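Visitor: Take a look at the letters that make up each chain.
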Amino acid sequence: MITVESLVKVYANGTRAVAGIDFAVPGGEFFGFLGPNGAGKSTTLKILSTLLRKTSGHVVVAGHDVDRDPMAVRRSIGFAMQEVGLDDLATGRDFLVLQGLLYRQTRQEARRRAAELMELVGLTPVAGRKVGTYSGGMRRRIDLVAALMHRPPLLFLDEPTTGLDPQSRLAIWEHLEHLNRQGTTIVLTTQTMEEADRLCQRLAIIDRGQIVAQGSSRALKEELGGDVITVRIDASSPEEHQAQTAKAVALARERSYVAAVSASDGGFSISVADSGAAVPDLLRLLHENRIPVKSLAMASPTLDDVFLKHTGHKIRTEDTGGDEMAQAMRPWLGLGKR
Amino acid sequence: MSILRETYYIYLRNLKIWVTQPANVIPSLLISAFLFLAFGGAFASVTRLPGFPAGDYNSFLTAMIIVQAVVFSGADAGIATLTDIMSGYFDKLLLAPINRFSILFSSLLMAGTRALVQAVVVVVIALALGVSFQSGPLGIVVLLLLATLFGMAWSCLGLIIAFKTKSAQATQSSFVIFFPFIFFTSAFMPKEFLEGWFKVAVTLNPVDYVLQSMRVLVIQGWDWGALLPGLWVLAAMTVVFTAAATWLYRRATA
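Protein sequences, first through last, are from chains A and B.
Per numbering that gives the first Met the number 0, residue 0 is the first one in the first sequence, and the count goes up by one each step.
Per numbering that gives the first Met the number 0, residue 0 is the first one in the second sequence, and the count goes up by one each step.
If you're looking for bench data, these hints aren't it; they were derived computationally from the structure.
Everything numeric in this text was worked out from a predicted model, so none of it was measured.
Note that the Cβ used here is the ideal one computed from N, Cα and C, for glycine as well.
Hints may contain errors.
[What the hints assert, rightly or not] Chain B regions said to be covered by chain A (calculated; three or more residues, Cβ under 8 angstroms):
#1 14–22
#2 211–219
[What the hints assert, rightly or not] Calculated Cβ distances over 12 angstroms to all of chain A for the following chain B residues:
#3 Y7
#4 I9
#5 V45
#6 T82
#7 M85
#8 F132
#9 F177
#10 M188
#11 V199
[As the list claims (entries may be wrong)] When the alpha-carbon atoms are kept at most 25 angstroms apart in a straight line, the in silico DMTMM-like pairs for lysine to aspartate or glutamate are as follows:
#12 A:K220 with A:E238
#13 A:K246 with A:D196
#14 B:K15 with A:D87
#15 A:K293 with A:D280
#16 A:K246 with A:E222
#17 A:K220 with A:D233
#18 A:K246 with A:D233
#19 B:K15 with A:E108
#20 A:K293 with A:E238
#21 B:K15 with A:E115
#22 A:K220 with A:E287
#23 A:K129 with A:E118
#24 B:K15 with A:D233
#25 A:K220 with A:D273
#26 B:K165 with A:E238
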C-alpha cells in the first residue's frame, strides 16, 4: 500500500525535518509512527498525502507515485489532520456533504453517507450546528468521518486522540479498530506509547527525522531482552547478604530461560523472555536452596524503554510546540521552494 | 468539465458562509445609505454650477457609492482565503482530488456576488431617493454586471496581498492603499472641474475610468464614446489582476 525509500524533506529555512527514511506498509495493516513533537511524523504524512513536496526520495502510495500522479493518490486516501482543517463556519452536515461532493459523489449519495457516518459516531443530534460550536471530542469525530466520506482504502491520522479525555479517546480507538478489521489500511502518528501499543500492528519509532527502530511493539520490546525480574535477598548481615546473592546469581545463571543476570540494589535482576513462566521456577529454586527472598518484582519493558534505548532520551521532552508550529506551516506558506 | 462542478460546490459553501453572517451585509448597506445622506447633503447645491453634468447630486453620486463599496471590499476574498489557510480547511480542499484552481475561481465568484449584492443595495437606495437611470432598466442590468466584474477584478488585489504577505492583519489593513483609488477620482466633481496635480492623479487612476463609465449609465445614458474607455480599462484590469492572482496562486499551491 505504501513504499517509501530514502525520503528526505528539507524546509526552505534549512530545517531537515525528515532525514532519509525507509519503510513499507502492506495493505490492511495498522501502522504507527511514534515520536515526540518535531520528530518528522507530520511532515512524513503530509508528503505521503501530497500536501507537501519531498526534497528527495521515492514515495509510492496506493500504487501511485506521489509526484507523478498526485490526483490518483488523493482519490485513494483519507486524512484526518488533528482537527486542523475543519470548516468552523459550516454546519457539520454541510461540511461532510461538500467533502463527499468534492470526491465526486452525487448530492444524494453524499447526504446519505454523511447521515450514516454522523449516526455511527453519535453526531446526528448536532448535524445542523456549526462545527465551530462542537466540543473537542465531537471535533475529532467529525474530522475522522470527514476523512471516511469517500470510503478510502488508506487512512492517514495525525495524532487522532491528542488532547482528548480518556472516554473520547477510547471511542475513537474502537472506531479505528473496527475500520481496520473491515480492511482499511491505517497509518497514524502518535506521541503516546499506550496508543501505539494498543492499535498498531507495526511501529516505526521516529526521532529527529530518522526511523530509529521498526517492528511490532512486541518484537521491539523483546529486543530489550523481554521481562525483568528483580529479586531482593533477605539477610541479617552484609556478608551473608553478599554470599546469598552470589549463590542465587550462580543458580539463576544455569536456568535455560534466563537471558542475562545483573546485580542490583539489595539483590539481583534477571532478564527473561516471559516472566509469567519463569517466576514459579525461580521461586522454587531459591526456596530449595534456602535463600531467603525479601521481595520479588516483575516488570515488562514498555515502549518507553524501547524509545529510551533507541534515542537516548524519553519521549516526553520539553514542549517544542513552537517548532512544531513552524514545521506544520502550510506547504504554501513556505512559498516557492519546497 | 469537473472544474466547473468543483468551483460551483466550493462557491456554494462560500456563499452559505457569507449569508449566514449578517455582519457581512448590514454594514455595507448602512454605509451606502450614509454616504448618500452625507455627500448628497453636503454637495446638493453643486449641481447649480454651470456645466455640471447632472441635475441632482444623488444621481452623480450613485456610481461613486457602488465603486467605493466594491473597492473597500477588495480585501475580503484575501481574508477569507487566509482564514481557510489558518484553520487548515484550505489543506482539506487541497487534499481532495479536485482541480486546485476551482478554489481560487470560487473565491473570485464569491467576490463578484458580494459586489453584485452591494450594487443592488445601492441601486435600490438610489431609486428610492428618486435617481432616474438615464440608460433605463437595461442600463441598470449593465451597471450591475460592471460592478460584478469590477468586484472580481479588484478582489484579486486582496488575494495578491494575501498570497504575498500571508498575514490576515496585513491584508485587512490593505484598505489603506485603496483610499487614493476612491478619492483621487472624479467621484465628487466632474473631471472638467478638476485641475493641477489632482487632475493628474485622477487621470492615472484606473478606477476613475470605471467610475466614469458607471456614472455615464446613470446620468447620461447610452453614450458609447463616454462609456468605452472605462469598459476597456475594466477589461484590462480584469485580465491583468486575474492573471497575477492566478500566477501567485499557482506558485503557492503547485
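Visitor: Give a verdict on every hint.
Guide: For each hint, the structure was consulted:
no. : hint               : result
1   : 14–22              : holds (count 4)
2   : 211–219            : violated (count 0)
3   : Y7                 : violated (9 angstroms)
4   : I9                 : violated (8 angstroms)
5   : V45                : holds (44 angstroms)
6   : T82                : violated (8 angstroms)
7   : M85                : violated (9 angstroms)
8   : F132               : holds (37 angstroms)
9   : F177               : holds (24 angstroms)
10  : M188               : holds (42 angstroms)
11  : V199               : holds (36 angstroms)
12  : A:K220 with A:E238 : violated (36 angstroms)
13  : A:K246 with A:D196 : violated (38 angstroms)
14  : B:K15 with A:D87   : holds (13 angstroms)
15  : A:K293 with A:D280 : holds (17 angstroms)
16  : A:K246 with A:E222 : violated (28 angstroms)
17  : A:K220 with A:D233 : violated (31 angstroms)
18  : A:K246 with A:D233 : holds (13 angstroms)
19  : B:K15 with A:E108  : holds (21 angstroms)
20  : A:K293 with A:E238 : holds (16 angstroms)
21  : B:K15 with A:E115  : holds (23 angstroms)
22  : A:K220 with A:E287 : violated (32 angstroms)
23  : A:K129 with A:E118 : holds (17 angstroms)
24  : B:K15 with A:D233  : violated (77 angstroms)
25  : A:K220 with A:D273 : holds (12 angstroms)
26  : B:K165 with A:E238 : violated (74 angstroms)
Of the numbered hints given earlier, the model fails hints 2, 3, 4, 6, 7, 12, 13, 16, 17, 22, 24 and 26; all others are met.
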